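Spelled out, the chains give:
There are 4 protein chains.
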Amino acid sequence: MTVKIGVIGTGAIGSDHARRINQVLSGGKITALHDFYPASAESTKTRFAADAEIFASGEELINSPSVDAVLVTTTGATHEAYVLAAIAAGKPCFCEKPLATTAAAAKRIVAAEIAGGQRLVQVGFMRRYDEGYVALKQAVQTQTGAPIMVHAAHRNPTVPTSYNTPMAIHDTLIHEIDVFRWLLDDDYVSAMVTFPRRAARSHAQLRDPQIVTLKTAKGVVINTEIFVNCHYGYDIQCEVVGEDGIAKLPDPMAVSMRLAAKLQSPILTDWKDRFVASYDVELQDFLRAAARGTASGPTAWDGYMAAIASDACVTAQENEGQAIAINCPPRPALYA
Amino acid sequence: MTVKIGVIGTGAIGSDHARRINQVLSGGKITALHDFYPASAESTKTRFAADAEIFASGEELINSPSVDAVLVTTTGATHEAYVLAAIAAGKPCFCEKPLATTAAAAKRIVAAEIAGGQRLVQVGFMRRYDEGYVALKQAVQTQTGAPIMVHAAHRNPTVPTSYNTPMAIHDTLIHEIDVFRWLLDDDYVSAMVTFPRRAARSHAQLRDPQIVTLKTAKGVVINTEIFVNCHYGYDIQCEVVGEDGIAKLPDPMAVSMRLAAKLQSPILTDWKDRFVASYDVELQDFLRAAARGTASGPTAWDGYMAAIASDACVTAQENEGQAIAINCPPRPALYA
Amino acid sequence: MTVKIGVIGTGAIGSDHARRINQVLSGGKITALHDFYPASAESTKTRFAADAEIFASGEELINSPSVDAVLVTTTGATHEAYVLAAIAAGKPCFCEKPLATTAAAAKRIVAAEIAGGQRLVQVGFMRRYDEGYVALKQAVQTQTGAPIMVHAAHRNPTVPTSYNTPMAIHDTLIHEIDVFRWLLDDDYVSAMVTFPRRAARSHAQLRDPQIVTLKTAKGVVINTEIFVNCHYGYDIQCEVVGEDGIAKLPDPMAVSMRLAAKLQSPILTDWKDRFVASYDVELQDFLRAAARGTASGPTAWDGYMAAIASDACVTAQENEGQAIAINCPPRPALYA
Amino acid sequence: MTVKIGVIGTGAIGSDHARRINQVLSGGKITALHDFYPASAESTKTRFAADAEIFASGEELINSPSVDAVLVTTTGATHEAYVLAAIAAGKPCFCEKPLATTAAAAKRIVAAEIAGGQRLVQVGFMRRYDEGYVALKQAVQTQTGAPIMVHAAHRNPTVPTSYNTPMAIHDTLIHEIDVFRWLLDDDYVSAMVTFPRRAARSHAQLRDPQIVTLKTAKGVVINTEIFVNCHYGYDIQCEVVGEDGIAKLPDPMAVSMRLAAKLQSPILTDWKDRFVASYDVELQDFLRAAARGTASGPTAWDGYMAAIASDACVTAQENEGQAIAINCPPRPALYA
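Protein chains in written order, with my numbering: chain F, 1 to 336; chain H, 1 to 336; chain B, 1 to 336; chain V, 1 to 336.
For reference, chain F alone in the conformation it holds in the complex:
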């Protein structure tokens, strides 16, 4: 069976997902496109989806019989309405992160999905599909003993001046927030932020770097350095300390060279290269589940939990050195 896919939002990530489904992956076909800018949808059609129909609205696309499942890749503020519409239509829906821009909106999506009685939503937390994190999780489950601490870092070479302090949570740490819940099979109970002196390359609206300390229900302490003007490269580090030993997230594959008095291997500088392979895997997972009329991978509940934790982290930024409680409601049966 070939799943007929409609894409709402054909910007960079939406058109790339269209390419992926039509040219790389198996089992799906782009049949429908919509964008706030019709020219954008036309461009995606021309480049990657000649057979797709262009719809005047996302709602029409969602409800069209030529669409089995939906990708929501618009700006974050519009996610809630499209995802709710897809749930209402009973169609599997892949929604890029964030699931919604507020915890309250995410909670409404969760409620709608529960009311429908089946999983339909996958949130685009692609790191869970990265082979490095998958291998790390296996090592943690089988080799290191139960986790006690995590030391992590999320570093960008630079950010534009429009990037401000809260974006270090909502745009950057959000990936760690989700992937550590999954890695540790745990929930957060508190967040605290520590600021060193501001880096010279930081700018007026941004306190960079910072260290976010998350505690989990099982008592794990997670320290994550966020340094978005680190200059040297895009670098994701993660080390899990368990009862018996330590496991470290692999660095990306790189050729080791002996050159110019240095043993050296390249570090990526563009975040888009770091998890590129995992986008293929996450969408293949979506296609497989959609063929069965359901969803797999990161849930709406995961999106909701990420929103709650993000809000607490921003509050913690505003109250340096104070532990801000994160109150997770009980997990509904649908997401057990």
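Read the hints as simulated data drawn from the structure, not as lab findings. Misleading hints may appear alongside valid ones.
Put simply, identical chains are the same to the list, so a pair is met inside one copy or across any two.
DSS-like cross-link-like pairs, simulated, lysine-lysine; straight-line CA separation at most 25 Å [claimed, not checked]:
| id | residue 1 | residue 2 |
| --- | --- | --- |
| 1 | K137 | K262 |
| 2 | K272 | K262 |
| 3 | K29 | K45 |
| 4 | K262 | K248 |
| 5 | K107 | K91 |
| 6 | K272 | K137 |
| 7 | K272 | K29 |
| 8 | K262 | K218 |
| 9 | K29 | K4 |
| 10 | K218 | K45 |
| 11 | K248 | K218 |
| 12 | K137 | K218 |
As the structure is a prediction and not an experimental result, all values here were calculated from the model.
With chain F fixed as given, assemble chains H, B and V onto it according to the hints.
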């Protein structure tokens, strides 16, 4: 366009390629199957290709209008006939290595393809599609300066007692023989073999390990250790020494751990895991070229050159310490 | 010139230093020994210092004309009196850490040395002489740009049940407390402690592991994990994040092996092996300075500052999650 | 006891050894100096050995009652006479490599030492004292199983134009020739040389790089790349392949950095830095044995065996691709 694919030979590799085309890759569909054992073809149909027709002979399959392109994944001795039939039918043909079991047979395939005037054959040298080798080649072309030496190793944990000394060339070194021609963009001029003492885990029909020294037309010396009872793992090593520096083939991605007084990371033990991702890439390349009615990647000429070099290496095994000449005929224009 | 050395306290470390001076290093000779247990001094004389005279008290030893310089390697509570006596006698004095068991006592030593007008005291913070830390400091000063954060770990495989929570500061973190002041050329302004859940191998008197967060006057944030039941080995980790990049303390030299499906290299398990070479270097430094009638290396002021910071860290342990201020008095000219 | 040392030859290495004995090591004192250029001896006396007497000839120095043991650090051609004189005087003698410039001369030294009935000569093969090789040897003896192959490289960034092809053996490979005999506890039976194309940075009198293949009596095959214009650094590589696994010589301690889109650590460029620590250890070993009136470490026999193997390697250079036999006489009882 979806390329209709017929598979001749539905053993382990043939059925796995059928799965790949129907479940993983984009742009192809298995429409036809044949195996010497009809039950094998039926099994593949059941598992991976419900819509495929089973043919009573490879020749009928090749000539069926429901087949646009052919995968030849039978035992080596039958490759020549099927590949020649595909060329005669003007259909793109992916042939697992070896292209043929003798250099003379490979030469006949080359002659037929040249007579047809266009590339139709891709040989299954998957290492050229491995991201590690691709990155290594780029490093050699841009960073190390012109290559002068290559130090390599091909190690298996163990082999069955049916594995004899010449198989160390035909089944094992064959991959290095092809990939180093591609990596260096070069041809071989001689081969020599050196035998250390026999390893304790070797057996009667096998002198293991051995070191094969290949020289190229450009003057590069390549030393490859073949050690198929190395015990500790399946391990492929390659280091290129150039005018300005050295580049090393990356080891497979692995989680580094601190456990039990050791800094440690796993080494693969099963060869099937080592290049598993490259099979996807090579067949995707085949599908793309087949959609245009032609072939890409390793050519029939590459298969022929590998056969000539392999024969010289076996002669070199029989004459330890002597350099055996490898006489490559001039490269035909079709393969320029 | 050969410096005549008297050793007060001939336990494990004192007798090892005697061996070092008589059998390994150049420029010194053990001429005098004292221990609370005369049999211990006799044993050291027999094994490493046949020509040494045994004194009935440390004070007599310090004031003997056969002693040019003194090593104080007794239990911590007795350090103050011996060091003050050496200062009074105008003799160079190497004192094992801690300089004194209270900050007040360390302050008295500082005052006495200042009153004498010249440096006479070296404190046994041997890490400053470790070639790894020396190389790291050079990298930080020349390559990484100004430091912003330090991520560190101090891990022991196990500790006896007599080891309690404050000892994680006084016996373990004390080394980091000193070496980071030196590495960063900075002073501390606050300390905070975070406790994850207690490790299963911890015991009643000990909350293990813990994370100590130190802030410095220049705004550097230092996170140090202390995990003294980490099980897998004795492991010292340190990574400095600067404006331009990151430098990492080298792991000890180790043979990398490919064995049993693992790429592996040994991790030390006994702390005594980790900095063994630096003891030679620190005492050689002491001998060179003592030959000139003065002292080099870590000062009494460094010992005092370490005592102040340690006290704050213990208070921070008792007040989890609160930043405890560290008030460093201005640095006297003698230690500029 | 302090061993009174006379140094014959006060050039770079001789004066550095004088410094070492008087300023770094324990148990020796420089009492006598001689050099062909008296001003050189005076300079060494001024810098490192104020109490030493300057002798008009090496023979007088050797026979002086103020000398217990001798360092021979003159040019190679004069070694034989001085070493024979020291043996005749019954005094321990440390001789820098080569023991002699011909195998015949080395054989005469062996004969004289045997006639004297006790070991008096230590040859300056310092790599045996390098902590990396020591750890490698232990790994080979305890972890990898019996050795079968060695892959090695000896690379210099550049050499002067006076450095010619045979010097690649006598000045460069000589270290590997000795250290592999020791590492494997084995003797050589043949040598063969393979030349790739000449590197662009090589010069008229030098075929650079080259690969020397040595076979041992136990059947081990050793491939050593010699590349003295490798440009990127001074780099010594060695990997031993045994029945159960592989052990690799550690690279020198280096700070790993993340800088400028590279994970990088420095590679040495000056050979003098590579084994600097092992000079201390080898001379301390000499002093300890000399205090007992004998010698330790690399023997005159080792020097003789290295001379025989070197001669065969030069012959192999002149006969590319031919295995040149190395005939080792039986080992005398003194060197068992």
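Status of the hints after comparison with the structure:
Taking identical chains as interchangeable, the C-alpha atoms of K137 and K262 lie at most 25 Å apart only when they sit on different chains, with a minimum of 18 Å there against 33 Å within one chain. In this assembly of identical chains, K272 and K262 lie within 25 Å of each other by CA distance solely across copies; the values are 18 Å between and 27 Å within a copy. In this assembly of identical chains, the alpha carbons of K29 and K45 lie at most 25 Å apart whether taken from the same copy (12 Å) or from different copies (23 Å). When the C-alpha separation of K262 and K248 is checked against a cutoff of 25 Å, the pair qualifies both within a copy, at 24 Å, and between copies, at 14 Å.
In this homomeric assembly, K107 and K91 come within 25 Å of each other (Cα to Cα) only inside a single copy, at 19 Å, whereas the closest approach across copies is 56 Å. For a Cα distance limit of 25 Å, the shortest separation of K272 from K137 qualifies both inside one copy, at 23 Å, and across copies, at 23 Å. Taking identical chains as interchangeable, the C-alpha atoms of K272 and K29 lie at most 25 Å apart only when both belong to the same chain, with a minimum of 24 Å there against 31 Å between chains. Proximity of K262 and K218 under a CA criterion of 25 Å is satisfied in neither setting, with 43 Å inside one chain copy and 28 Å between copies.
Taking CA atoms no more than 25 Å apart as the test, K29 paired with K4 passes in both settings, with 5 Å inside one copy and 17 Å between copies. With identical chains, the CA atoms of K218 and K45 are never at most 25 Å apart, being 48 Å at best within one copy and 48 Å at best between copies. For a Cα distance limit of 25 Å, the shortest separation of K248 from K218 inside one copy, 20 Å, qualifies, whereas the shortest one across copies, 31 Å, does not. For the homomeric pair K137 and K218, the shortest alpha-carbon distance inside one copy (16 Å) is at most 25 Å, but the shortest distance between copies (38 Å) is not.
Of the hints listed earlier, those the structure fails to meet are numbers 8 and 10, in rising order.
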